[in-house]
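Trainee: Starting from the known structure of chain A, arrange chain B on it as the hints suggest.
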Amino acid sequence: MSDVKKPTTTSILRSEQLAIGYCSKKGTHYVAENLNLRLERGQLVCLLGKNGVGKSTLLRTLSKTQHKLGGTIFLEDRELSEIDSSQLAQKMSLVLTEKIPESQLTVFELVALGRQPYTNWLGKLSSEDHQKVDTAIKQVKLEALSHRNYFELSDGQLQKVMIARALAQDTDLILLDEPTAHLDLHHTIEVFQLLKDLATKTNKTILISTHEVNLALALADDLWLMRPDKFVSGSTANLIESQDLQNLFPTEQLTFNEKLKQFVFRTQSTNTGLPSKK
Amino acid sequence: MRTDQKTHTRSFAILGLLLLLTAFANIHLGSIHIPSGDIASILTGHPSADKSWDYIVLNYRIPKAITAILVGSGLGISGLLMQTLFRNPLAGPFVLGISSGASLGVAFLLLGASLFGGVFAGLAQQSWSIALAASLGSFFVLGAVLLVVKKIRNTLSILIVGLMFGSISAAVINVLSYFSNAEQLQQFVFWSLGSLGNLSWKELALFTGIVAFSTVLLLRSIKPLDSLLLGENYAQSMGVALKKTRRILVISTGLLTGVITAFAGPIAFVGLAVPHLTKLIFNTSSHKILLPAVALNGALLLLVCDAIAQLPNSELTLPINAITSLFGAPIVIWLLVRKQKINV
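Residue numbers (this note's numbering), protein chains in the order written: chain A, 1 to 278; chain B, 1 to 344.
The shape of chain A in the complex, shown without the other chains:
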């Protein structure tokens, strides 16, 4: 482990021979195997891949929400499986896609839950906690809604609240599963820019799974591409060179334009399998 080129101290999260997937009665279903991932400190990394390829599974496995099927994950050179949840909560925060159950929490209270790893047994907020919660709410620009009940918010606003909660948790590593799924383009860009700023200015490491491929290409320090057959990672330039971006989506409508460094889609009529109009 020590003979790799980059010093291990800079990578905050890495895996060796990681296998992910699901166990059920019918047997083990592997989504991906032999993943050797490295997440460097202070980077914004985007995880790209088509629906169902296993992006969420990977994020859940890396965050210990789901069991790995094999291999090892290291968080700052400690094995992830050996870190208990209360220690992990001070190192890694999550934004998940799951719907949260109904309750009467206000936006402030919800974001303040992110301070739980640092508060006493009653969850009393210190003035520092208060300040961090306020800052987090400010960062996602939701000050005006701070005392509203969260069920009054739109899906997009709620998404930002969940991001603020992760920010309030103030961890070195933040994993976000499709954090912009319910946001319009304007807010999507805003969130990406915020995450990018956090990575560069506060040296936080941020891993996002996303379908916003073009934004990811523009802003990410590194890209993780997940395909059914293989997993590749690298900077945009590297991945263009290796032709991996070009093969991300196996379809003719969506192609990678090397000049623009963006995905473009063609609107020509294609064979949809539907009977054509006569």
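Some clues are possibly wrong.
To be verified - Straight-line distance between alpha carbons at most 20 Å, and here's what the computed EDC-like set of lysine to aspartate or glutamate pairs gives: (1) A:K141 x A:E190; (2) B:K288 x A:D84; (3) B:K244 x A:D84; (4) A:K99 x A:D155.
Unchecked claim - The following residues of chain A were derived to be distant from chain B, with all beta-carbon distances above 12 Å: (5) E241; (6) L254; (7) E258.
Please keep in mind that the hints were generated in silico from the structure rather than gathered at the bench.
Every residue, glycine too, gets a C-beta built ideally from N, C-alpha and C.
Mentor: Just chain B now, kept in the frame of chain A:
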């Protein structure tokens, strides 16, 4: 935030005062009229005008009021815990079949004698054995529900599973009743109607001990309960040891429901209705506020129900279970209608 805290303090003060008043009224009301002055003197440790009054108040009415307080607050707390743990506003010890499980345990004990022979018959005479049987029964059903919940995530299915466990328990109880004799059956039927008034001071001490123990267990879970409001995955990511928390919640709910059902019978609706009423009054989801508030409201509600069940100044007493259901069912319906309005 500050104003919230102020209103909460005021609500607590009002509820506390109401509780004292209701407790006094509860002790005051009964089939025999005792002047309030005499009750006050008995309560402060002085003899009253009539010795039999002393006896009634000290050995019947005060234990009954304490039982009502314990049952109400305990059921309220376990209802709140279930609602948070199962992430379902309709969860409660009764809906999830946990009360039925306790009934099943007691049924095995009281009715099982003819099927399983003498050991049970001997045990049935001991009050602690009923408590044990009821607790075991509620643990059993709660454990089974939790196992199923692991497989299914759908909250509606969880409720259906709870109801199914309830009907399985009812079916087994039916079979047991069919094979038991009239005397055993009567004992079980009376137990299942619910009663707050049958406890001696000795039993009351055991009851209080167990309720206090489960409540102390819960104090450490206030923080995890709050984060469970966001679901288990988020809770874990915020440092909650899920398995441990789940275990503590199950143990304390099982203990509370079991021991309450054992001593007071399967009392319906309090566990479901009280947490909702409390959330409406306090308008918060924070368990730091909700746990004590639910305990206060539950105690209050049961004291009132018990006073009504006494039918003051008459010889008649209605089963407490009938009153709580008459009280609780409309509340649940109203809640569902109201919830619909919020969701749309």
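Trainee: Hints numbered earlier in the text: which of these fail when held up against the supplied structure?
Mentor: Per hint list: single violation, 2.
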